[in-house]
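Asks: Which chain is which? The protein sequence lines are R and U, in order. Heads up: the first sequence is residues 385 to 572, going by this note's numbering. Heads up: the second sequence is residues 385 to 572, going by this note's numbering.
These are computed hints drawn from the structure, not numbers from a lab. Since the structure is predicted, the reported quantities are computational estimates derived from the model, not experimental observations. A hint or two may mislead.
One copy or two, it doesn't matter: identical chains are merged, so the pair holds either way.
In silico EDC-like cross-links for lysine to aspartate or glutamate, where the CA-CA straight-line distance does not exceed 16 Å [claimed, not checked]:
no.	residue 1	residue 2
1	Lys388	Asp501
2	Lys459	Glu511
3	Lys464	Glu480
4	Lys550	Glu540
2 protein chains.
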Amino acid sequence: MKTKNIYNYIERIAELLKVSARQAGSEHGLQPVQLEVLGYLSVCNQFSDTPMAVTRYLGQTKGTVSQTIKVLERKGLVLKESDINDRRITHIKVTEQGSKLFQDNIPPKMFVNACQDLSYIQQKEIEASLKLLLMSFIKSNNMKSFGTCNSCRYNEKISDDSFYCKLVKVPLTLSDIALICIEHENIG
Amino acid sequence: MKTKNIYNYIERIAELLKVSARQAGSEHGLQPVQLEVLGYLSVCNQFSDTPMAVTRYLGQTKGTVSQTIKVLERKGLVLKESDINDRRITHIKVTEQGSKLFQDNIPPKMFVNACQDLSYIQQKEIEASLKLLLMSFIKSNNMKSFGTCNSCRYNEKISDDSFYCKLVKVPLTLSDIALICIEHENIG
DNA sequence: ACATTAAGTTTCGACTCGAAACTAATTTTG
DNA sequence: CAAAATTAGTTTCGAGTCGAAACTTAATGT
Chain R
385 MKTKNIYNYI ERIAELLKVS ARQAGSEHGL QPVQLEVLGY LSVCNQFSDT PMAVTRYLGQ
445 TKGTVSQTIK VLERKGLVLK ESDINDRRIT HIKVTEQGSK LFQDNIPPKM FVNACQDLSY
505 IQQKEIEASL KLLLMSFIKS NNMKSFGTCN SCRYNEKISD DSFYCKLVKV PLTLSDIALI
565 CIEHENIG
Chain U
385 MKTKNIYNYI ERIAELLKVS ARQAGSEHGL QPVQLEVLGY LSVCNQFSDT PMAVTRYLGQ
445 TKGTVSQTIK VLERKGLVLK ESDINDRRIT HIKVTEQGSK LFQDNIPPKM FVNACQDLSY
505 IQQKEIEASL KLLLMSFIKS NNMKSFGTCN SCRYNEKISD DSFYCKLVKV PLTLSDIALI
565 CIEHENIG
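I would like the entire structure built from these sequences, with the hints used as guidance.
Replies: Structure, rendered in structure tokens:
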């Protein structure tokens, strides 16, 4: 059983990642969690940019998430927009400034350094292993997958650059389906 | 370049791990960080069980670590012991109760589930990939490795069950060299 | 012996986090 | 269709996290 070994490696890498995030964020007065939320909001689609989606993504309570978003808003990194159809819902849009901060700091430089020192084959192996572990984690514990439409069972290909979501019943473009969706469900 | 893909997977797994830790800890009123410190103290050797070592392991300031340890002490999970030779130094020993809590909750059950649903070959691949990524991370950013004596350049084998640390200049037993050391340096 | 360095604690202020009470909007149900 | 239930989100509270800086105590260097 390799469980403990794998756990120790993952745990340690996660710790180093947190150190990187702390370092990257501290230059802008951001906590690791705030950077994480900004990162999520920068890569999620239009159905998944709500406080409730962040709540599920981070596994925290809505009260906590509400606080964190308030801080991001105060710093001018995100904006709130009411949903037109359902006025209970708030969409959180990343501002120009927030987008720049995201691109400059995620992934953190320390992580980029680490990856660049690996061969392409090594990177592919690591990618495949992590994907496997993540999928197993989600499946074994009945968790939400939070992937992009590319790997979603509800995504239907219409042509080379047009798609259709069978769940939300909305047409999607090529750039849409590269974003993370809260309704994502793995194929099969 | 697979950097972003790898980052996304690692990031997501780390998040799920944190959710698991939160869940496991909440039954005992413990924060993820507290569980993490208890975990470290449960697997480190006699040179590495000090607040200063935890500070370097978690990449936090000594003030923060001092607080966290105070909480663990109040909950009866660890005990402080002054060093006999250098009275500035405090060793933190895990109590019986702390040890039980560690064994029951680390790795978290959700993680164990995920691993058990993988084949032995898959586990070995994941283990190798993570080791590679971690080593690269440490090397590329000149960080401390924090491994066990098994993989340390200062460890010298005397016989099958006796070893010697060339750095601290102290004999070690077979069970000693399975513990994490703050002075660890990878071979080569 | 005096200055410097190292380990650790304490205090402060901003932030995290869960729980619970709350508002407002939508949906369900009778 | 109106009352009840549900859902999204905010606010408040108390305990904890976290970095920075001031502080104590002990060891080391010159």
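Asks: State whether the alpha carbon distance between Lys550 and Glu540 is at most 16 Å within one copy, between copies, both, or neither.
Replies: Intra 7 Å, inter 63 Å, cutoff 16 Å: intra-copy only.
Asks: How would you classify Lys459 and Glu511 at a CA-CA limit of 16 Å: within, between, both, or neither?
Replies: neither (34 Å within a copy, 40 Å between copies)
Asks: Under a CA distance limit of 16 Å, which applies to Lys464 and Glu480: within one copy, between copies, both, or neither?
Replies: within (14 Å within a copy, 50 Å between copies)
Asks: Taking 16 Å as the upper bound on the Cα-Cα distance, should Lys388 and Asp501 be classified as within, between, both, or neither?
Replies: Between. Shortest inter-copy distance 14 Å satisfies the 16 Å Cα cut-off; intra-copy 27 Å does not.
In this structure, the one hint that does not hold is number 2.
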